[in-house]
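Q: According to mature numbering (1 follows the signal peptide of the UniProt record, and there is no 0), the residues represented by the sequence shown are -27 to -1, 1 to 207, in order.
Do not take every clue at face value.
Derived DSSO-like pairs: lysine-lysine, alpha-carbon spacing no greater than 30 Å straight-line [to be verified]: (1) K162 - K189; (2) K203 - K189; (3) K162 - K203.
These are calculated hints, taken from the structure and not from any lab test.
Note that the coordinates shown come from a computational prediction; the quantities given were computed from them, not determined experimentally.
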Amino acid sequence: MVRAGIRALLKLLMTCLLLAGSLVSTSAVGGAADGEPCPDVAVIFARGTLEPPGVGATGQAFTDALNGRLGNTPAAIYPVDYPASLDFNQAGAGVADAANRVLGIVNTCPATKIVVGGYSQGAAIAAYITADSVPPGYDLPAGITGPLPANVANHVAAVTLFGKPSSGFLNLVDHNAPPINIGPRYVSKTIDLCAPQDPVCTSGGGFSRAAHSAYKSNGMTDQAADFAAKAVGR
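Turn these sequences into a full structure, and let the hints steer you where they fit.
A: Below, the structure written as structure tokens:
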């Protein structure tokens, strides 16, 4: 009973926390669709909870910064299609969509360098698709049959995570969610950024709504863009 109350309170707090970053409408373009030329770089980005469809404010800041480093050949941007709601069970739809998008690019545009990323709940989605196994007792989301094939890692140049939920936060929000672990093939390709005092990704510390919504302006999207640009050879 106490645990349920804590989870309910945390969801309420998270609503307040994330609303600050949910008011920016973003636009993005697809890539590697039927009839389109294969891009040199493709970014697959999952927005945070309660952000409107698109890549979200953090995703927009990151992709803008990355494209600024790619010169005359900007990346194709794909916003992960999922509800981004407070019903975290629905994040599975995002895992399936992101994984299938990666597979589609690998199969149709094998020379394209892929960057996978996400903010907050979206960072969990991006991390989940790197897993090389399914933890015992967990069911796969509808739309996927298992972890991404091992060879897919050769096509993913970088994974950029902003405010990824800590194990403690995840357990309080949804204790049935599988642990968020970066698969071993992706560890060296991942930048996992957590702003100081961000209660979603830190293991302790103060509650700072501003910290969790600050990635778009605190320099970390530039840091991630530098990382990703280097990873794709720019």
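Q: Are the hints correct? Go through all of them and say.
A: Structure-based check of all given hints:
1. K162 - K189: Measuring from Cα to Cα gives roughly 21 Å; hence the hint holds.
2. K203 - K189: Holds - the C-alpha atoms of K189 and K203 are around 20 Å apart, at most 30 Å.
3. K162 - K203: holds (11 Å)
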